[in-house]
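Asker: Both chains are sitting in their own frames, so use the hints and assemble them into the complex.
Residue numbers (my numbering), protein chains in the order written: chain A, 1 to 332; chain B, 1 to 298.
Keep in mind that the hints were calculated from the coordinates and are not lab data. Note that the structure is predicted; figures quoted are calculated from it, not measured. Every residue, glycine too, gets a C-beta built ideally from N, C-alpha and C. Treat the hints with care, since some could be wrong.
[Stated by the list, open to error] Simulated crosslink set (SDA-like; lysine to any residue; CA at most 20 Å straight-line):
| # | chain 1 | residue 1 | chain 2 | residue 2 |
| --- | --- | --- | --- | --- |
| 1 | A | 66 | B | 190 |
| 2 | A | 66 | B | 198 |
| 3 | A | 154 | B | 19 |
| 4 | A | 66 | B | 16 |
| 5 | A | 66 | B | 187 |
| 6 | A | 154 | A | 84 |
| 7 | A | 66 | A | 84 |
| 8 | A | 66 | B | 209 |
| 9 | A | 66 | B | 199 |
| 10 | A | 66 | A | 79 |
| 11 | A | 154 | A | 132 |
| 12 | A | 154 | B | 17 |
| 13 | A | 66 | A | 9 |
| 14 | A | 66 | B | 185 |
| 15 | A | 66 | B | 121 |
| 16 | A | 66 | B | 123 |
| 17 | A | 66 | B | 184 |
| 18 | A | 154 | A | 137 |
| 19 | A | 260 | A | 294 |
| 20 | A | 66 | A | 105 |
| 21 | A | 154 | A | 133 |
| 22 | A | 260 | A | 297 |
| 23 | A | 66 | B | 17 |
| 24 | A | 154 | B | 209 |
| 25 | A | 66 | B | 186 |
| 26 | A | 154 | B | 16 |
| 27 | A | 154 | B | 205 |
| 28 | A | 66 | B | 122 |
| 29 | A | 66 | B | 193 |
| 30 | A | 154 | B | 210 |
| 31 | A | 154 | A | 141 |
| 32 | A | 66 | B | 200 |
| 33 | A | 154 | A | 134 |
[What the hints assert, rightly or not] Partial list, computed: chain A residues near chain B (C-beta under 8 Å):
| # | residue |
| --- | --- |
| 34 | 53 |
| 35 | 65 |
| 36 | 91 |
[Claimed, not checked] Chain A regions said to be covered by chain B (calculated; three or more residues, Cβ under 8 Å):
| # | region |
| --- | --- |
| 37 | 3 to 11 |
| 38 | 107 to 120 |
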Amino acid sequence: MAELIAAANLTKHYPTSRTTRQMLRGERPVVRAVDGIDLVIQRGESVGLVGESGSGKTTVGRLLLKLTEASGGTLNFDGAAVSGLSGDSLRRFRQQAQLVFQNPFDSVNPRFTIRRAVAEPLINTGVPRAERDGRIAEAMRLVHLGDFHRYADKHPSELSGGQLQRVVLARALVGRPSFLVADEPVSMLDVSVRAGILNLMRELRDRLGLTALYISHDLTLVRYVCERTLVMYLGRIVEDGPTSEVISRPAHPYTQALIKAVPRPRTDQSREDLPISGGLANAVSPPSGCRLRDRCPYAFARCAQEVPALLEVAPGHRAACHLTSPANAAAA
Amino acid sequence: MDGGSTIVLPAKRRGLRTALRRYFADPYAVVGCVIYVVFIVLGILAGWLAQYDPTEILFTDDGQLAASLPPSAAHWLGTTNLGRDIFSQLVMGIRPSLFVGITAAVGVSALGTAVGVLAGYFGGVVDTLLMRLTDVVLGLPFLPFVIVLAALLGPSLQNVVFSVVILLWPNAARIIRAQLLTLMQRQFIEAARVTGASHSRIILVHILPNILPLSLLYGSISVGWAILTQASVSFLGFGDQDTISWGFMLQDAYASQALSQAQYNWFVPPGLCIVFVVAAGFFLSRGYENLIFPKLKQ
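If we strip away everything but chain B, and leave its shape as in the complex, we get (with noise of 0.2 Å):
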């Protein structure tokens, strides 16, 4: 009876249990939870996980400059060129990703989700309207967007989040819009309208429960997409050069020529870290996605 794009999710509220049995019943899902579990506890023990400051300069005990040494007890990742401790910067890194990541995907999935529900909803003009904006916001070019505002608001955390739910809302609105097309010829959406449930109940009461998975999934793919981000902008040399984050510390070994100088444990661990994280993300909303579209795994 049911469209095979409608959204299933268990409606009773013992469903929980259920809904998250059968997430976890997905390797991807798992993994991807594991990996965001290990970052979330070590970001918020960050402060204590850090031996030193990640910016502080450091010297040996005979007072020299404690540059490039190699993995040992007291530097367990080593130290870079201006004798900086990796290990501390790395953990100190997982701060300002996390920041970006939920930032934007809050905000990619509510922008998203209105855009979607308001064209969807009210048709006509409006849809018309938003989905022209959304075509032409999709024929941004990303990355040289993103470096635009940087240049133009300044290189902050906030702008890079702020340029991320510019850029990547409209993917979610269009699917939201097209979910929304499908929810409204439902006809429990005609009988709201026909008790006499006003615009905004309809939306708020009927419609918005049944969307919120759909903005949830949307939320957890930009995530990745947002880390990544920062991580790019940074490492190009807009980011904030007072923020220590992953893609600072690849664009500090690049500039420092750690490759050549055969210094892997500067720049391999900030790049399995934003693997790590970005491919976490895409596993969470795998897992998500299968536990909304049962009908997809077939």
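The following block holds chain A by itself, in its conformation from the complex (with noise of 0.2 Å):
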């Protein structure tokens, strides 16, 4: 397998407004709202990110679409400097690379008939008229909208949400992509309809071989689609392996946490207490050291010094915890 996408140091700072005093004194103060992630994407792999709101996983997302630019770092996508397309290069790139949004209500341009809808991407990647209808014939045939002139001529408003999400997912596939990103591609819609998009995501993993990132703070979602996952807090990932692996031995207390806030359809159950508490830190000024740390029981006194490095706990599952960390079993 070779590597479709490549980041190192990734970083994004967004500007806040800044008080008179700050502005004096020459201070700019940022959001910093990814902060130094490493990244590698294997071709064809389908690689999930969670973590709570507000924890940079959606910037993530717009970061590798080039839908806005980095403060900082490398990105590389099949070998090429994104930051460094443009023209062409960027229209070919718009086309290798997909999104998937979260409302379906409102990704879709209410003006636009289904048909025009799912052409946009043709129409700007200069698909030939004549290839358009029957490549957006294959689209609704994969995600399953077969009968397509039933709904062709129809405007979003007609919709359910659950075939507005498979609208947009045929949108987002029509121009042949090699990588897509899901955005909570299943939140905003019913539960009744969220088991039929995420079988259909299944079964386009492995009919298409996409490579994909699911962005979700939903555990099940990755769980029942991505190999590996991905566990982001407060702009940095701390923890990294394979799907089960995180699931069933997580390294990091933050996601012993997530794992442990998973609903269970029992109700007679007692629940157990929450290792974590509050509510996320400040991404303006977040804690020196670990970033969890105000909220980590098991905090100690090296948290509050040192940022922690992603290193391995087992093969191919990564953590950044000083518990964790080889130094620190050691010692204790």
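Answerer: Right under this line is the structure:
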């Protein structure tokens, strides 16, 4: 397998408003949405990116698709630097890398018919008119909207959320991309249609061999479609490993808390206390050292002084926690 | 799911009929529309309705100047102190008013939309520059600016339109920029970008159709302002002296002391016409506002 995406020290800082005093002192406070992440995605791999709201996972997706420019670090797509893309090379990249949105009701232009919405990528990448109808029908078959002519001339307002999310998927697939980012693809859908969309995504993964990044706060989704899982906390990756490993043997206290927070179907079951409490720390001035330390029950002196590195805890499974780092394990 | 300020327009083609029905459900809109239709028809037929040349000095059969005649069968609204037929002046005065109103509306909505869309879409420095420019223009005093411009460029209808457009676009630009900022948060704009649409395509194909209703609203509001401005400028004597307009008639009546001579037939009709047309413009935009912001009505 070859690397499709390779990011090193990828960073995105958003400037925030300054007070007069900060302006006079020449300070430029920033929100550290993504603060130096290293990420490699192999061709054909399905990777899940989980974390709570505000952890920066959506920003990672936007960075990988060049929807926003990185403030620092490097990002290569298929061996070429994404930051250098423009004109024709950017258009080729746009054909290769696609996005599935969270809210299907908002991500299709309300004035477009379904046919026009799905045709949009083909028009933008210069696919000849004669080929378009065939390509659209092919994409609609892929997402199981085979009787395309029933939907072709309808407007988004006439379709259900599940149907519309299939249309959004068809629009993403019609240009035959090699990389797909799905940002919370089912969180706006009714529970009853979620399973259908998830099955579809799994099927597409197997059939098309797509490389995909699934962004979600929902571990069950990631478990269902991804072979590898990344956990993000406050702009950093804190754990990275095979999905089954991460879920059965979480190494990082934050991941442990995420897994314990997953709702269970039985209501009479007593719930274990969550190992962490409180809310996400401030991304403008994050805690020194480990960013979880103010919420972590195991925090000790070293956590405030030193940023934990992402180190291997088992083959292919890495975590950024001083508790699991070899040096500390030796001391304990 | 949508914000309260999001434009809701029926996307379907057959929605036009629904939209019209909803539009005319508003009584103000009906009144405004009726007034406009009446004036537009009268304006078209003006050449035929006016029995006399509005600038022609008329004489009675016995060779006397037909000055200050009261309303009669021959002169429906009487004559001015220089023997000109008031009714003919009134109907011919519709044309410059409509010309000024409509061209200014087109100009204001075009310029306001262009500035608002560019500022809202590109943001950053472009936004700052354009918005500070609108702040400056909003600070200009209205009538003095029009008068100075008329004095500099010469009195003509075109210059009145020009100055009205220069002064009124900032309001439209601000509102359209605000609408654009909410539109830019919609995922379908992002979707257009990620599928490789160029800036011009996103603006023309994805944004403008969603902004157009708002531009039209600002256009229809400008109609009244433009007509009012033209009348004011003419009344103050800075208008085109060769064009018979309602403002010119009022100025003529004022200068001839028509009020002290109780010639109500001279200055009341053009005054009422101005009130009607300006009010109709606001009524129309009111009904239109209900149509594009249905949530405001509750």
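Asker: Hint by hint, note whether the structure agrees.
Answerer: Hints, one by one, checked against the model:
1. A:66 / B:190: holds, 11 Å
2. A:66 / B:198: With a Cα-Cα distance of about 14 Å, the restraint between residue 66 (chain A) and residue 198 (chain B) holds, given a limit of 20 Å.
3. A:154 / B:19: Measuring from Cα to Cα gives roughly 19 Å; hence the hint holds.
4. A:66 / B:16: Violated, at about 39 Å.
5. A:66 / B:187: holds, 15 Å
6. A:154 / A:84: violated, 39 Å
7. A:66 / A:84: holds, 10 Å
8. A:66 / B:209: violated, 26 Å
9. A:66 / B:199: Since the Cα atoms of residue 66 (chain A) and residue 199 (chain B) sit roughly 15 Å apart, the hinted pair holds (cutoff 20 Å).
10. A:66 / A:79: holds, 15 Å
11. A:154 / A:132: Satisfied, since the Cα-Cα distance of roughly 18 Å is no more than 20 Å.
12. A:154 / B:17: holds, 18 Å
13. A:66 / A:9: holds, 16 Å
14. A:66 / B:185: holds, 17 Å
15. A:66 / B:121: holds, 17 Å
16. A:66 / B:123: At roughly 18 Å apart (the allowed maximum being 20 Å), residue 123 (chain B) and residue 66 (chain A) satisfy the hint.
17. A:66 / B:184: holds, 17 Å
18. A:154 / A:137: Since the Cα atoms of residue 154 (chain A) and residue 137 (chain A) sit roughly 15 Å apart, the hinted pair holds (cutoff 20 Å).
19. A:260 / A:294: holds, 19 Å
20. A:66 / A:105: Distance ~23 Å between residue 66 (chain A) and residue 105 (chain A) Cα, so the pair is violated.
21. A:154 / A:133: Between residue 154 (chain A) and residue 133 (chain A) the Cα gap is close to 16 Å, so the pair holds against 20 Å.
22. A:260 / A:297: holds, 15 Å
23. A:66 / B:17: Roughly 43 Å between the alpha carbons, so the hint for residue 66 (chain A) and residue 17 (chain B) is violated.
24. A:154 / B:209: OK: residue 154 (chain A) and residue 209 (chain B) at ~18 Å, within 20 Å.
25. A:66 / B:186: At roughly 18 Å apart (the allowed maximum being 20 Å), residue 186 (chain B) and residue 66 (chain A) satisfy the hint.
26. A:154 / B:16: holds, 16 Å
27. A:154 / B:205: holds, 18 Å
28. A:66 / B:122: holds, 16 Å
29. A:66 / B:193: holds, 10 Å
30. A:154 / B:210: holds, 18 Å
31. A:154 / A:141: Given pair residue 154 (chain A), residue 141 (chain A) holds - Cα atoms ~17 Å apart, limit 20 Å.
32. A:66 / B:200: holds, 18 Å
33. A:154 / A:134: holds, 18 Å
34. 53: violated, 17 Å
35. 65: Since the shortest Cβ distance to chain B is 6 Å, the answer is holds.
36. 91: At about 5 Å, which falls below the 8 Å cut-off, the nearest Cβ of chain B leaves the hint on residue 91 (chain A) intact, so it holds.
37. 3 to 11: violated (count 0)
38. 107 to 120: holds (count 6)
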